[in-house]
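Visitor: One-letter residues, chain by chain:
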Amino acid sequence: MLLNQFLMLSAFLFCTGIYGVLTRKHTVLVLMSIELMLAAVNINLVAFGAFHNSVIGQVFALFVLTIAAAEVGVGLAIVLLIYRNSHSADLDDAHALKG
Amino acid sequence: MFFLDHAWLVPLIPAVSFVVILFFGKRFPQKGSEVGTVAVGASFLLACGTLVQWIKRVQDADHAHGVGAAIGALGRSVGRLGAEGTAAQVAPVVHHLTWFQNAGVRLTVGVQIDGLASIVMFVVTLVSLLVHVYSMEYMRGDRRYTHFYAALSLFTASMLLLVVADNTLQLLVGWELVGLCSFMLIGHWWEEKPNSDAALKAFLTTRTGDIGLLIGVVMTYWLVDRATGGHGSFNILAVNQAASSSKVGHTLVMWTALALLLAIIGKSGQFPLHTWLPDAMAGPTPVSALIHAATMVVAGVYMGARLYPVFWHGLSIGTPGHGGLNAMALIGGITVIIGAALAFVQDDIKKVLAYSTISQLGYMVMALGVGAWTAAVFHLFTHAFFKADLFLGAGSVSHSGSHHSFDMKKDMGGLKKYMPKTYATFVIGSLALAGIFPLAGFWSKDEILVNAGHNGYQAFVVVGLVGAFMTAAYMTRCVYLTFHGEYRGSVEHELAEVHEAEVFAEGDELIEHHLAEEQDSFVPGFGPHAAAAHGDDGHGHGPHESNGFITMPLFVLSFFAVFAGFINAPGVEKFEKWFQPRVAFVDVSTAKFSVILATISVLIALAGIGVGYAYYWLGAGPQRLTDRNPLARSLKHFLVMKYYLDVLYTDIIVGSLKGAIADGVYWVNQHVIDNVLNYAGRGAIGVGRFTYEYIDQRGVDGLVNGLANVTGEAGGEVRRVQTGRLQFYALILVLAVGLFALALWIFT
Amino acid sequence: MVGGRRVIAENVFFGIIAAAMAISALGVVSTKNVVHAALFLVIVLAGGAAQFILLGQEFVAWVQVLVYIGAVIVLFLFGIMLTRAPMHPEGSLGNDLRWPAAAAALFLAGILGGLFAHTFGRDKLHINAPIRTADVTNAIFRIYIIPFEIVGVLLLGALIGAVVLARRD
Chain A
1 MLLNQFLMLS
11 AFLFCTGIYG
21 VLTRKHTVLV
31 LMSIELMLAA
41 VNINLVAFGA
51 FHNSVIGQVF
61 ALFVLTIAAA
71 EVGVGLAIVL
81 LIYRNSHSAD
91 LDDAHALKG
Chain B
1 MFFLDHAWLV
11 PLIPAVSFVV
21 ILFFGKRFPQ
31 KGSEVGTVAV
41 GASFLLACGT
51 LVQWIKRVQD
61 ADHAHGVGAA
71 IGALGRSVGR
81 LGAEGTAAQV
91 APVVHHLTWF
101 QNAGVRLTVG
111 VQIDGLASIV
121 MFVVTLVSLL
131 VHVYSMEYMR
141 GDRRYTHFYA
151 ALSLFTASML
161 LLVVADNTLQ
171 LLVGWELVGL
181 CSFMLIGHWW
191 EEKPNSDAAL
201 KAFLTTRTGD
211 IGLLIGVVMT
221 YWLVDRATGG
231 HGSFNILAVN
241 QAASSSKVGH
251 TLVMWTALAL
261 LLAIIGKSGQ
271 FPLHTWLPDA
281 MAGPTPVSAL
291 IHAATMVVAG
301 VYMGARLYPV
311 FWHGLSIGTP
321 GHGGLNAMAL
331 IGGITVIIGA
341 ALAFVQDDIK
351 KVLAYSTISQ
361 LGYMVMALGV
371 GAWTAAVFHL
381 FTHAFFKADL
391 FLGAGSVSHS
401 GSHHSFDMKK
411 DMGGLKKYMP
421 KTYATFVIGS
431 LALAGIFPLA
441 GFWSKDEILV
451 NAGHNGYQAF
461 VVVGLVGAFM
471 TAAYMTRCVY
481 LTFHGEYRGS
491 VEHELAEVHE
501 AEVFAEGDEL
511 IEHHLAEEQD
521 SFVPGFGPHA
531 AAAHGDDGHG
541 HGPHESNGFI
551 TMPLFVLSFF
561 AVFAGFINAP
571 GVEKFEKWFQ
581 PRVAFVDVST
591 AKFSVILATI
601 SVLIALAGIG
611 VGYAYYWLGA
621 GPQRLTDRNP
631 LARSLKHFLV
641 MKYYLDVLYT
651 DIIVGSLKGA
661 IADGVYWVNQ
671 HVIDNVLNYA
681 GRGAIGVGRF
691 TYEYIDQRGV
701 DGLVNGLANV
711 TGEAGGEVRR
721 VQTGRLQFYA
731 LILVLAVGLF
741 ALALWIFT
Chain C
1 MVGGRRVIAE
11 NVFFGIIAAA
21 MAISALGVVS
31 TKNVVHAALF
41 LVIVLAGGAA
51 QFILLGQEFV
61 AWVQVLVYIG
71 AVIVLFLFGI
81 MLTRAPMHPE
91 GSLGNDLRWP
101 AAAAALFLAG
111 ILGGLFAHTF
121 GRDKLHINAP
131 IRTADVTNAI
141 FRIYIIPFEI
151 VGVLLLGALI
161 GAVVLARRD
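Residue numbers (the numbering used here), protein chains in the order written: chain A, 1 to 99; chain B, 1 to 748; chain C, 1 to 169.
Derived from the structure by calculation, the hints contain no laboratory data.
A hint or two may mislead.
[Unchecked claim] Estimated spans, in silico, between C-beta atoms of each pair:
1. Leu733/B / Val163/C: 27 to 33 Å
2. Trp62/C / Leu733/B: 29 to 35 Å
3. Leu707/B / Ser88/A: 40 to 46 Å
4. Ile53/C / Asp92/A: 22 to 28 Å
5. Leu77/C / Asp92/A: 48 to 54 Å
6. Leu733/B / Leu77/C: 27 to 33 Å
7. Gly724/B / Ile146/C: 35 to 41 Å
Ideal Cβ placement from N, Cα and C applies to all residues, glycine included.
Bound conformation, chain A alone:
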């Protein structure tokens, strides 16, 4: 197996995730897209770890995984708060920071 095929796969997933982050209106879907991006990163890391025959890839991926989970938790808490305050999880409505 080529290294590149995994890298290309991760690149594709990453960019798809970016497209989702930028495009989706629902906040939870944006968070999902972020998860997608993190998953792509994990694949990248693990592929490189395998390439170098070391555990460092896995370890790093584990940590990323953990942080991703934490981030999802906090993020969803925030989404809930926003939803409670404005009864809408639509990102377009959250323009209070508009200059």
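Given chain A's structure and the hints, the job is docking chains B and C onto it.
Guide: Here is chains B and C on its own, set in the frame of chain A:
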């Protein structure tokens, strides 16, 4: 020497009398006339004393000089002491005090008594005294009797101030003061407009000449300044010395002389500024006698004699060029002829005498112009006597003979039998004026002629002789019309005189039985004071002789007219010796008496009398020529219109100034000058407005506002990045990351 | 087995799983149904775990399944429920940033792809045997103990934070 050192009293006493009469005159019993007469009498005595002491001074100096010369010239036999050729230097007696000084310039008031001053002082005070006495009768009951005497005193004081002046500034002050007094006295009866017009005309015409005096006085200062290398002064002795000095350029002296000549033309009635003198006859006759015959008009000649070196050097009198001509002599000569010509066509006796005065003043100026200094001053001396005599005689005629009229043709005639004393004195005066031997006028006029010939001015000898002929002729006419033939004064005049108004008399001189019903039946030229004046003559109103106050001055003057000439007769010649200046003077040569010329001049005068006698007494010659002959008529009209000079002056010169030029200047002022100002103002406003609107409002404010707007809009534009939308920011982020990645890839 | 056949089998399995993941990823970002998006995400994550196993990294594969799919997805579903996200297709596909976002994503993809292709070319992966779990834990608890502890603290913080944030008071 008391009188010489205290000569300043002579002008002072009449000045004090002026103030006294002005403020207190009405309280005196004779209404101030006694104050004036006494004051002038005192001045006269002082002047006599001064004259005597001056003559003594000259004689003493000559005596001492002659002794010295005699001692010095042992070998010669000197017969007489003080012989001719050994004239001593006799300096004038000068006293002055400084009344102002600044930066080295000292202005003084003072007296300079020399021969000229003392003899003229004598003449002025004598004539003034006689006029004061005369006026006591002539002006009795006049509406402004007291003020008349006050003005006479002021005039006497001013004339004496001029005469004794030791500097040209004081001379100028005296000159102007006598001009003022002349104005006051000519317009004594100013309620009648012709009188006030005449006064103004006199004043303004002499004023025109005074421009020359002012310039001339200033230039005399500079003459002295040039001559002494920086120490200018108005002092007359200094001026005369400066004029003779070689350090002063000829041009400066010439222009000074010309400026002063202009003053003489104005004041002494020379052509072309003589037109005021005949009109000045509108004043009372005593005034005419004093001012316009004997004293004021000779002020010009006096000034010429006083500052003679200026004229001598400035006009090159000593060296006649141009075929024997110079400006002064020429003007004098012209005046002689035109004055005499005009005297022929006058009906008013005073006007005849006025033109005669003009003509005789011409003689004096001509004499100065040909270098005959002594002759000019001598003629001034004699003329004062016989002309005053003639004027006062005319006044006597009008006062008592022609019911206050001066018109010879209408109101006089045949007065010989009614007024013998006046007739006698008048004839004596006329003969003296005509220059008949041995009266005074003969000696003085002859001296002028002989000096003219001697100094190279032969043309003026002819002029003088022609003038003598004409003088004799017109005086004969005058005498005939006044005193001979039938009396033409009419009964109507008598009645009119009775009803004359006496409204203007001074208070208590009013005579009740002459109170008037009409107010204006008088001849212009004299005042309606006559009714009261006849109080003592009774009411039998034919022509009669005047009383003593009038005739006594006539006698005195006639006496002088007869005998005054002998003072400079050949063999005596005291006038020149006593009065010609010895210090700061020029080398005038004096001609000797010429029997031939004297005989010729007497014959010519007699011929003039003869022509007049033939025409008037005998009726010979072309009688009534002007009625028949149009050329003669137009010539006579030309003379009657006084050569159209008055028309020229009044209508053309003054009229154009008053009318066209004044209008033009006014137009320029209103339209040009005011417009310049207005446009300047509007321009300034416009610039201000432009600056405000364009530069300030649009430019500066626009710049400031624009900057603010740009900043605001730029901010507004940049603000649009802050959409407040999370995903937009994320997009930017991603793009940035991509770009960095690219950059990193490319550059490594 | 012969190495050659093993390689072919790896590549085939990789291809299938990769295709599934790609399609599911596209589904995540484009589906109108939120729950479907979550389920697509499950597929992606599962595929990821399979890829890990292919790469011989078994530990992280099972952790991914357990944590990611087991907890995170459940969390997502809870979140969907609590925010009353519409259960049925509704609304538009995306907001007005679609084309710029697509462009940005493609741009980035291009860069990444190019970069990878350029850098790694035809490098081969040589996986002889799966990595032992003991080695992984050795690494975690010995070499990388400090990051491990920090991550623990982080989790604690996240936990407390989430509780605080979501509290109703």
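Visitor: Falls inside 35 to 41 Å, the C-beta gap from glycine 724/B to isoleucine 146/C?
Guide: Given a distance of about 40 Å, which is inside 35 to 41 Å, the answer is holds.
Visitor: Could you check the hint for me, namely that leucine 77/C and aspartate 92/A are 48 to 54 Å apart, CB to CB?
Guide: Since the Cβ atoms of leucine 77/C and aspartate 92/A sit about 24 Å apart, the hinted range of 48 to 54 Å is violated.
Visitor: Assuming the hint says 40 to 46 Å, is it satisfied by the Cβ distance from leucine 707/B to serine 88/A or not?
Guide: Cβ of leucine 707/B to Cβ of serine 88/A: about 43 Å, so the range 40 to 46 Å holds.
Visitor: Is 22 to 28 Å right for how far apart the beta carbons of isoleucine 53/C and aspartate 92/A are?
Guide: 41 Å, violated
Visitor: Is the hinted range of 27 to 33 Å satisfied by the C-beta distance from leucine 733/B to valine 163/C?
Guide: 30 Å, holds
Visitor: Confirm or reject the claim that leucine 733/B and leucine 77/C have a C-beta distance inside 27 to 33 Å.
Guide: 28 Å, holds
Visitor: Within 29 to 35 Å or not, the Cβ separation of tryptophan 62/C and leucine 733/B?
Guide: Holds, at about 34 Å.
Hint violations for this structure: numbers 4, 5, all remaining hints satisfied.
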